[in-house]
Amino acid sequence: MLKTDIAIIGAGPAGLNAAISAASMGAGVLLLDRDEFVGGQLIKQTHKFFGSREQHASTRGIDIAGLLHEKVKEYKNIELRLGATVLGYYPDGVITAEYQGRLLKIKAQRYIVATGAAEKSLPFPNNDLPGIYGAGAVQTLTNVYGVLPGQRVLMVGSGNIGLIVSYQLMQAGVEVAGIVEAAPNIGGYLVHAAKIRRAGVPVFTSHTIKEAYGDSVVQGAVIWQLDEKWQPVPGTEKDIKADVICVAVGLTPLTELLWQAGCKMKFVSQLGGHVPVRDENMMTTMPDIYVAGDVSGVEEASAAMVEGKIAGLCAAASIGCSTGEFDELRSRALSQLAELRSGPAGEKIRSGLKLLV
Amino acid sequence: MPDRTIVCRCEDLSLEEIRELIDQGFKSIDEIKRISRCGMGPCQGRGCRQIVAQEIAAATGKKLDEIEMPKFRPPVKPVKLGILLGGEKEDE
Chain F
1 MLKTDIAIIG AGPAGLNAAI SAASMGAGVL LLDRDEFVGG QLIKQTHKFF
51 GSREQHASTR GIDIAGLLHE KVKEYKNIEL RLGATVLGYY PDGVITAEYQ
101 GRLLKIKAQR YIVATGAAEK SLPFPNNDLP GIYGAGAVQT LTNVYGVLPG
151 QRVLMVGSGN IGLIVSYQLM QAGVEVAGIV EAAPNIGGYL VHAAKIRRAG
201 VPVFTSHTIK EAYGDSVVQG AVIWQLDEKW QPVPGTEKDI KADVICVAVG
251 LTPLTELLWQ AGCKMKFVSQ LGGHVPVRDE NMMTTMPDIY VAGDVSGVEE
301 ASAAMVEGKI AGLCAAASIG CSTGEFDELR SRALSQLAEL RSGPAGEKIR
351 SGLKLLV
Chain G
358 MPDRTIVCRC EDLSLEEIRE LIDQGFKSID EIKRISRCGM GPCQGRGCRQ
408 IVAQEIAAAT GKKLDEIEMP KFRPPVKPVK LGILLGGEKE DE
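Chains as they are written, first to last, in the working numbering: chain F, 1 to 357; chain G, 358 to 449.
Chain G with its partners taken away, still in its complex shape (with noise of 0.2 Å):
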């Protein structure tokens, strides 16, 4: 096995890859995110965000702050869809 540096866990993602990917020109979270899925695994970014923002700070000449983060939607964490369909709670 070659040498990987892993940025995204959940979708198994290299330095390398998002760095080509900001490379071709996606040059925002939202957009990596979207071509690439990184981010969209079970936690939900909370491992490769940063690192992704700083990538592309080094590669635009950004400050972090500059860095737009991703769209946040619910649920923030992986849930059955059992538990979506099954809707709410019935005793409360």
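This is chain F alone, in the form it adopts within the complex (with noise of 0.2 Å):
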């Protein structure tokens, strides 16, 4: 049995700042990730994030994560275990993982559950067909593996995944032949919604997939117009050629293990759908399970680095580390949270918090 102070299960940017922060107040952290790499989500991310200076704004996402990785390297009270899967939590406080082939026992004082989000899915005919994806994967295979998924890709869904996906793809050489949207309205940030539409990629709001065609994999897809009360509309339908067709209808957090660890949840379908219920120092209704990140409503990956600090630093003090710096950054830290929140933009986050917390 491994035994540790605290034991954070997800090294992305959430899981990454949690164990900086914990580490800084003196605590033993071990820091599992199932990937052999630390980064989670920031890896494919080639794009420059907002925000400000702190969040580690204007600096790519794959960049954000080598320098986590570099700080965390830093601290000596950091263990950090790659390609460990964390398999289940049980009623006495120990975690299960896969590692190097084997079953490794964990008994921390505190876990913080920094596991993120997985993509949701889509029903439509024939949703099987090679060449339908959910467009995170098709992130992962192109920026990661640097593997094209084909030549012609309709993207399902303008929320930022779609619209980022869909530009980073015309840099790769991979027309986009359209992004269909349900609402009336393009889902993500303005600004990458300007690059699509200035390449001149045909948005259809108010449209849905009837459904893909194909005879061994997927050769296009038919959309269809929706009426104010989301209804198809007959007589509207387009048909689109694609070789690839991109699923970005939005995240879902991976909860699992707080089901398991007996968490009261919630559905707050503003933040993904069931998430669990925490105080602002990111503690759940479990006092040794804190949550940062993803897991705990889906959101930016500035937030989550903040939720990840705050989580950190609250973890550690909760088990009598101190240092004379906590007051003033956690309060740093939720007013960035606050700030990062704050406008039109954070108004779904808002409004899904204020069920929760």
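Hints may be right or wrong, so weigh each one.
[Claimed, not checked] Now the in silico label distances, taken between C-beta atoms and shown as ranges:
#  : chain 1 : residue 1 : chain 2 : residue 2 : range
1  : G       : R361      : F       : S322      : 54 to 62 Å
2  : G       : L442      : F       : E36       : 23 to 31 Å
3  : F       : D227      : G       : D360      : 37 to 45 Å
4  : G       : R361      : F       : D35       : 51 to 59 Å
5  : F       : E211      : G       : G418      : 24 to 32 Å
6  : G       : E423      : F       : G83       : 33 to 41 Å
7  : F       : A199      : G       : G418      : 41 to 49 Å
8  : F       : R152      : G       : R361      : 20 to 28 Å
9  : F       : D35       : G       : E445      : 38 to 46 Å
10 : F       : E237      : G       : R361      : 16 to 24 Å
11 : F       : S269      : G       : D369      : 22 to 30 Å
12 : G       : R394      : F       : S331      : 47 to 55 Å
[Said to hold, decoys possible] Computed list of lysine-lysine pairs in DSS-like fashion (alpha-carbon distance at most 27 Å, straight line):
#  : chain 1 : residue 1 : chain 2 : residue 2
13 : F       : K3        : G       : K446
14 : F       : K266      : G       : K384
15 : G       : K437      : F       : K3
16 : F       : K105      : G       : K446
17 : G       : K428      : F       : K107
18 : F       : K105      : G       : K434
[As the list claims (entries may be wrong)] Residues from chain G shown here face chain F by an in silico Cβ test under 8 Å; the list is partial:
#  : residue
19 : R376
20 : M426
21 : G443
For the record, the hints were derived by calculation from the structure and aren't laboratory data.
C-beta: ideal position from N, C-alpha, C; glycine also.
Assemble the dimeric complex from its two separately framed chains, guided by the hints.
Structure representation (structure tokens):
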């Protein structure tokens, strides 16, 4: 049995920051990730981030992962284990992980669950044809492995992921046939949408995919219009040829471990599905379990980083670690988070969080 | 091949099959899981759970937040039996 002060599950933007903050308070940290690299989804973000300097604004996501990794290495009290997939949380407060082909048992005083989110899928006829992917999967294929998914892509969903992946595919030389959006307006930020529109990509708002077609692989899709009650309008069908369809209809938190631990969960659609009830220190209803990042509500990576800081600081403080700067660091992080969520873009998150905290 | 809308890719279950089960009276995710294996494959329900919940909500008139989630058991991802049989890593 491996014993540690704080075990952190997931070394994405939230988990890395949680590890650094907890270690800076003097806590012993075990940082686990199922991948062979740190950074989570940051490593495929080739675009520059917004926000303030403290959240690495105007740095590319992949470079932020590198910076955080360097910082983690500076701490002797952080043990990083990659290729470690956490499998379960048990009633005695022990977690198990698969690591190097063997089973690892871990007992920590506190856990910070930073497992992120998974892409939602979408039911439509022939949605299992080869060539139909989640947009995030295509981003991994293209930006991490350097493999193009095809030649002509239809994107379903115009949130930030749909817009960013469309743009990055164009940068990689893939044609984007169009973006389909069920809502009457584009979902993502204007800056991303503007790039797409300048490139002349049609955005079909109030439209949805009716069906995909193809013999043994996808060859195209039929889309149709939705009325104001979100019902499809017969006679409005359009045929769009594409050898790739990307589904970008949102993310949902990866909360299995939290359910197993008995954390109180609540369905909040603004946050992507079921999320843990937690306080402003990121502590769930189970006092040994903290959360940070998309697992506690789907949001931007910048917010995940700040939540990671808060969870790391507060989990460390809860087991008696201290530094003279704790109060200051915590309140600075809380105000950064409030700032990130201010304005019209943060409205959805704010309304979701009201139901939670 | 007729057009199929796949809900659970791991266990190859279509939207029509899920709707038929709901019609037959299986009105919770756990019941549907037990009768059909929906959500019991390699992805452990990450792809289908939300769609099944939406279908139950639509058929029963319930809100999505009223649909009970299934039981979540370890392991959260498939592991080889050898890993469990091998026991705990010894050098720890």
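To see whether the hints hold, each was checked on the structure:
no., hint, in the structure
1, G:R361 - F:S322: 54 to 62 Å, "59 Å, holds"
2, G:L442 - F:E36: 23 to 31 Å, "25 Å, holds"
3, F:D227 - G:D360: 37 to 45 Å, "24 Å, violated"
4, G:R361 - F:D35: 51 to 59 Å, "33 Å, violated"
5, F:E211 - G:G418: 24 to 32 Å, "27 Å, holds"
6, G:E423 - F:G83: 33 to 41 Å, "40 Å, holds"
7, F:A199 - G:G418: 41 to 49 Å, "44 Å, holds"
8, F:R152 - G:R361: 20 to 28 Å, "24 Å, holds"
9, F:D35 - G:E445: 38 to 46 Å, "23 Å, violated"
10, F:E237 - G:R361: 16 to 24 Å, "20 Å, holds"
11, F:S269 - G:D369: 22 to 30 Å, "29 Å, holds"
12, G:R394 - F:S331: 47 to 55 Å, "50 Å, holds"
13, F:K3 - G:K446, "14 Å, holds"
14, F:K266 - G:K384, "20 Å, holds"
15, G:K437 - F:K3, "25 Å, holds"
16, F:K105 - G:K446, "8 Å, holds"
17, G:K428 - F:K107, "23 Å, holds"
18, F:K105 - G:K434, "16 Å, holds"
19, R376, "11 Å, violated"
20, M426, "6 Å, holds"
21, G443, "6 Å, holds"
Hints 3, 4, 9, 19, counting from the list given before, are not met by this structure.
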